[in-house]
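Asker: With the hints as extra help, turn the sequences into a complete structure.
So the sequence shown is numbered by numbering that gives the first Met the number 0: it starts at 0 and just counts up by one.
Honestly, the hints are just simulated from the structure, not real lab data. A virtual CB, placed ideally from N, CA and C, is assigned to each residue, including glycine. Each hint should be verified, as a subset may be incorrect.
Ranges between beta-carbon positions, derived for each pair [to be verified]:
1. 145 / 119: 39 to 47 Å
2. 36 / 115: 32 to 40 Å
3. 30 / 119: 44 to 52 Å
4. 101 / 62: 45 to 53 Å
5. 111 / 54: 17 to 25 Å
6. 145 / 68: 40 to 48 Å
7. 89 / 119: 30 to 38 Å
Cut-off 16 Å, straight-line C-alpha distance, at most; resulting in silico cross-link-like pairs (EDC-like, lysine to aspartate or glutamate) [what the hints assert, rightly or not]:
8. 118 / 90
9. 28 / 96
10. 135 / 12
11. 118 / 62
12. 28 / 90
13. 135 / 90
14. 103 / 10
15. 103 / 40
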Amino acid sequence: MNLYGPRDNFDLETSHVIPALIRKCAMAKEAGQATMTLWGDGSPSREFLYVEDAAAGILLAAEQYDGRLPVNLGTGEEVSIRNLATMIAAEVGYAGDIQWDTTKPNGQPRRCLNVDRAKQLFGFQARHDLRSGLQKTVNWFQSNRQSIREVHL
0 MNLYGPRDNF
10 DLETSHVIPA
20 LIRKCAMAKE
30 AGQATMTLWG
40 DGSPSREFLY
50 VEDAAAGILL
60 AAEQYDGRLP
70 VNLGTGEEVS
80 IRNLATMIAA
90 EVGYAGDIQW
100 DTTKPNGQPR
110 RCLNVDRAKQ
120 LFGFQARHDL
130 RSGLQKTVNW
140 FQSNRQSIRE
150 VHL
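Answerer: Here you go:
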């Protein structure tokens, strides 16, 4: 599962995909770039969980689940990196073209969880779909741009 949301790490060298794409799109928009280049071909797919949903799921599991089986928290919905980049660009307001540098790695082809147990065993279901979570995250980023968190290794 890939978590995302407000107060994430937006450092371009150490962040995960959503905060990195938000920052890249914002920078490309501000610079008036006609094109923005991203790694790979955009075909890998990922599942993302908004941080507030993750916290709610952990609390719900702590309160209502006492079993031995591992349980995945997630949305059960996957999106290609290509479609994710398009969604984030639109949310940020970047209207340029996205080009893909296929000389760079794609990463693992697919990451999606089976979240049936969480729903069956303690009633967890994410409240935020990807679009609404992205809206909240982009709004937070834009409002807090001067004090964004960067984690350098």
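Asker: Please go over all the hints and tell whether each is borne out by the structure.
Answerer: These are the hints, each one checked on the structure:
The beta-carbon spacing between residue 145 and residue 119, approximately 44 Å, falls within the hinted interval of 39 to 47 Å. The supplied range of 32 to 40 Å is met by residue 36 and residue 115, whose beta-carbon atoms lie about 38 Å from each other. One distance hint, 44 to 52 Å for the beta-carbon pair residue 30 and residue 119, holds here, with the actual separation near 48 Å. A hinted range of 45 to 53 Å holds for the C-beta pair residue 101 and residue 62, which are about 47 Å apart.
Remark: the range hint 17 to 25 Å for residue 111 to residue 54 is upheld by a beta-carbon distance near 21 Å. A C-beta distance of roughly 45 Å is found between residue 145 and residue 68, which places it inside the suggested range of 40 to 48 Å. At roughly 35 Å, the beta carbons of residue 89 and residue 119 sit within the given window of 30 to 38 Å. Pair hint residue 118 plus residue 90 does not hold up; C-alpha atoms about 30 Å apart against a cutoff of 16 Å.
Of the pairs offered as hints, the one joining residue 28 and residue 96 holds, with about 11 Å between alpha carbons and a cut-off of 16 Å not exceeded. For the given pair, residue 135 sits about 23 Å from residue 12 by alpha-carbon distance, which is inconsistent with the 16 Å threshold. As the CA atoms of residue 118 and residue 62 are separated by approximately 14 Å, the hinted pair is consistent with the 16 Å bound. At most 16 Å may separate the alpha-carbon atoms for a hinted pair to count; residue 28 and residue 90 meet this at roughly 11 Å.
Taken as a hint, the residue 135 and residue 90 pair is honoured in the structure, with Cα atoms around 10 Å apart against an allowance of 16 Å. For the hint linking residue 103 to residue 10, the alpha-carbon distance of about 19 Å lies beyond 16 Å, and the restraint is violated. Only pairs whose Cα atoms come within 16 Å are accepted, and residue 103 paired with residue 40 is accepted, the gap being roughly 9 Å.
The structure fails to meet hints 8, 10, 14 from the earlier list, while all remaining hints are met.
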